[in-house]
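J.: Sequence:
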Amino acid sequence: MEVNKSEIESYFKEKNINRFFKALFPFDKEYNAAIANEVLRLCSLLSTQYIQHFKEEVLLTLEAKKNIIETPPESILVLEHITQKKQLGVHFIPAFICSTLLRTSYNKHKFDQYKALALLVITRLSYIGEHDAKIKSLCDEIRLFSLGKRETLAGFLPDIGRYNFSELVKLFNSLVDKSSPTSTIGPIRNQLEHYNRPLKASHDFSRGYHRYISTQRFRQAGSLTIKPKEVLNDEGDQAIEISQLHFGPKHSESWQNEDSADNDSRSINIVTSTNNTSKSEALAAIQARTIFAQIKKKAMHLPCDIYATTELELTTLLEACVNNIIINQETDISKLLLLMLLTGSNDDQVKRFKPYRNDRKHIIGILRKHTLPSHSIRDELKCLTQPVENSICLPLPNTISSGLSSFKFKNIDKTSLKNFLQAINNSKGTHLTLTKISGYLHYHFSQLQIDPVITHIISGTDIKVLPALYYTQLPLSTLLNHYQQYLEHLALLINTELLSINPTDKEYLIGTTLHFDDKKLTLLFRALKKQIQKYQEKTAKQFSEQAHNDITVITQLVLMLATGYRPVSGWFGKRVDFHLPTKSYWIADKASSIGDNSRCIILPSIAINYLQDYIDYLRQAIIYHENQSPEIYDRYNDCLNNQAHFFFFRQENKILEVLPSNYTHIIDSTFPMQPNWARHHIRSLLFKHNIAPELISAWIGHQDMAKPAFNAFSQLSRKQLQQISEIINQHLIEIGLGD
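Just so it is clear: in the sequence shown, position 404 is 404 by my numbering, and no numbers are missing.
Hints listed in this document are in silico derivations from the structure and should not be mistaken for laboratory results.
Check each hint, because a few of them may be wrong.
To be verified - For each label pair, taking beta carbons as the anchor points, the in silico distance ranges come out as:
(1) LEU498 <-> HIS689: 34 to 40 Å
(2) HIS689 <-> PRO158: 35 to 41 Å
(3) ARG526 <-> GLN730: 17 to 23 Å
(4) ASN190 <-> ALA540: 46 to 52 Å
(5) SER717 <-> ASN190: 43 to 49 Å
(6) GLN84 <-> GLN386: 40 to 46 Å
(7) GLN329 <-> ILE286: 44 to 50 Å
(8) ASP159 <-> PRO475: 27 to 33 Å
(9) ARG41 <-> ASP613: 42 to 48 Å
(10) GLY429 <-> ASN173: 54 to 60 Å
(11) GLN49 <-> ASN690: 53 to 59 Å
(12) GLN643 <-> PRO158: 45 to 51 Å
(13) PRO158 <-> GLN386: 22 to 28 Å
(14) ASN690 <-> GLN329: 40 to 46 Å
All figures in this text were calculated on a predicted structure; none of them were measured in a lab.
Built from N, CA and C at the ideal position, the CB exists for glycine as well.
Please build the complete structure, drawing on both the sequences and the hints.
T.: Printed below as a string of structure tokens:
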């Protein structure tokens with residue numbers, strides 16, 4: 001249907017249209033021509049099912065054609081001009097229009113479709129007026145995506161070609177709706193909102209609004225990490241730990257938050273106690289510190305813990321609950337207590353369980369969702385990873401599941417449970433409490449040195465509590481085997497078969513997607529080594545930028561797998577940090593933490609070989625570049641003399657320091673995974689080899705028992721570290737790095 005200019009202008013205020021075109025074409029005729037050229041290209045790309053929703057496209061193309069010249073400059077030059085002038089906050093619409101996808105591994109067609117749709121959405125909202133915040137947020141999101149700063153978000157963006165405009169708006173609305181099954185994690189939900197709000201507003205022709213904010217309002221950016229509530233006892237002593245207040249730029253990628261649970265010892269602890277009757281603030285502070293220290297001690301699950309559940313108490317509880325179920329007396333209370341015991345959850349958590357039902361709608365288990373940020377990998381990268389599931393069914397004994405319609409237990413409160421336990425305590429001389437019951441699973445698994453990842457998945461703990469949850473991939477059978485052995489342990493105490501479960505024939509992987517198949521890594525390193533061998537043919541090629549970057553990348557990849565080094569500024573440290581004769585490597589990748597959180601590991605022999613090759617290359621490069629490029633010559637010298645970080649990249653005769661962002665840019669065409677993928681891979685590898693969890697924590701720098709592994713009271717030995725080094729060395733050989 002043909003629409004003329006006057007008909008479109010009748011819909012919208014002329015001043016908004018003029019204001020928009022001034023914002024769209026604010027430069028001289030050359031730069032405006034580059035913008036106009038890109039506008040026309042985008043309008044020609046969008047499918048008709050979207051174009052038909054936007055009458056504004058006609059007026060937009062007419063205005064763009066007025067700015068066309070014969071040989072316009074490239075649009076990327078406009079973006080560079082805006083960036084150099086530090087005007088991204090002013091000219092955000094031209095910056096968005098001229099953004100170019102930098103990573104070759106991204107789906108360019110999908111990006112262009114989103115960019116074209118965003119252009120028309122922004123045009124409509126500008127015509128309507130008072131939508132400046134939505135317009136700027138959408139422009140910034142598209143531009144940041146083009147720079148590769150929305151890696152995690154990329155996996156959640158729907159394919160535009162599969163939906164019409166109305167369907168796409170509904171889909172985005174479900175992605176940001178917390179109650180929807182398709183909803184995602186908080187940070188990604190916030191980024192999706194930057195798409196959802198402008199899309200919905202343009203679809204509904206919503207009127208804009210302007211909000212006035214007082215200058216006294218606190219505006220400083222920051223983030224707050226709050227851990228789940230920890231309970232000391234049934235008397236109401238509990239604590240909430242706010243791990244850190246970050247007043248600075250928030251992390252743009254989810255992988256940067258994966259170590260946040262134990263990355264900093266700075267915290268604010270809010271302690272509540274019903275026993276606090278003192279009016280003295282000093283005494284209350286002492287009591288609060290005591291309670292928090294006791295909670296931390298309890299979390300260690302020490303064998304000497306006098307408050308741990310005894311075998312007599314456990315047997316007494318099991319007998320009472322099972323007998324009540326058999327005689328159909330106080331059944332719901334007994335089942336709720338058994339569910340707490342089986343899953344390591346408190347009564348409030350049990351009441352929030354999601355049931356897993358069979359075809360007859362009968363409850364047969366507990367449905368757990370183990371969703372991680374690494375699950376949101378882009379479609380074009382899924383061929384590199386192993387498929388994982390995020391749904392887990394914990395089967396329940398028929399004794400418990402039979403007759404249950406849900407886990408809500410509406411008629412049972414804490415008082416009922418405490419009265420039930422009090423009756424047992426009075427008659428049997430025990431001291432059973434709700435916290436003892438919910439804590440027994442954690443205590444038992446800790447004594448058996450079972451990886452805490454297993455415990456936390458069974459109990460459904462928030463992933464922020466344990467960083468290892470982000471990094472570990474495991475088969476479902478491993479989880480269920482430990483769970484079944486725990487049930488057998490409980491059943492053996494009272495010599496019953498009523499706690500047995502039916503074995504499952506399902507088998508799939510759960511956890512991180514970033515533990516790679518050996519064949520994929522073998523192909524990666526084979527391709528890199530083949531490329532590096534080609535550089536040996538000519539001296540000029542051997543010391544070219546590409547050769548330097550490839551040699552740097554393969555050495556870094558080996559060290560990533562060998563050490564689990566966190567991606568930080570100055571990644572892998574300086575030459576002085578490792579000692580080749582003793583294979584020792586000193587790692588300090590927690591620069592933001594208080595105190596010394598460094599660690600020392602033993603490098604595998606293969607890693608030593610690659611480090612030595614890299615050092616030899618640096619020495620040869622010094623000789624070659626002495627008369628070729630003084631700046632590059634100095635940088636090579638500084639690497640070996642500990643005056644600069646040991647690794648760096650080169651691009652267009654410039655030095656690029658080894659920042660995670662630069663690494664991601666350099667390796668994008670080779671292996672476009674998030675920079676800390678090797679930490680996922682190595683932790684999963686060591687888990688598979690049944691390495692003790694405290695040793696794994698020591699190797700990759702996680703805290704154990706609320707302390708860094710190499711604290712003043714550490715009992716780790718060099719022999720134990722050598723064991724891990726040998727396992728990793730064998731793995732490096734298996735993926736083709738041994739020759």
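J.: Are the hints correct? Go through all of them and say.
T.: Here is what the structure says about each hint:
no. : hint                          : in the structure
1   : LEU498 <-> HIS689: 34 to 40 Å : 36 Å, holds
2   : HIS689 <-> PRO158: 35 to 41 Å : 40 Å, holds
3   : ARG526 <-> GLN730: 17 to 23 Å : 18 Å, holds
4   : ASN190 <-> ALA540: 46 to 52 Å : 49 Å, holds
5   : SER717 <-> ASN190: 43 to 49 Å : 45 Å, holds
6   : GLN84 <-> GLN386: 40 to 46 Å  : 44 Å, holds
7   : GLN329 <-> ILE286: 44 to 50 Å : 46 Å, holds
8   : ASP159 <-> PRO475: 27 to 33 Å : 31 Å, holds
9   : ARG41 <-> ASP613: 42 to 48 Å  : 47 Å, holds
10  : GLY429 <-> ASN173: 54 to 60 Å : 59 Å, holds
11  : GLN49 <-> ASN690: 53 to 59 Å  : 55 Å, holds
12  : GLN643 <-> PRO158: 45 to 51 Å : 50 Å, holds
13  : PRO158 <-> GLN386: 22 to 28 Å : 24 Å, holds
14  : ASN690 <-> GLN329: 40 to 46 Å : 44 Å, holds
Comparing the model with each numbered hint stated earlier shows that all of them hold.
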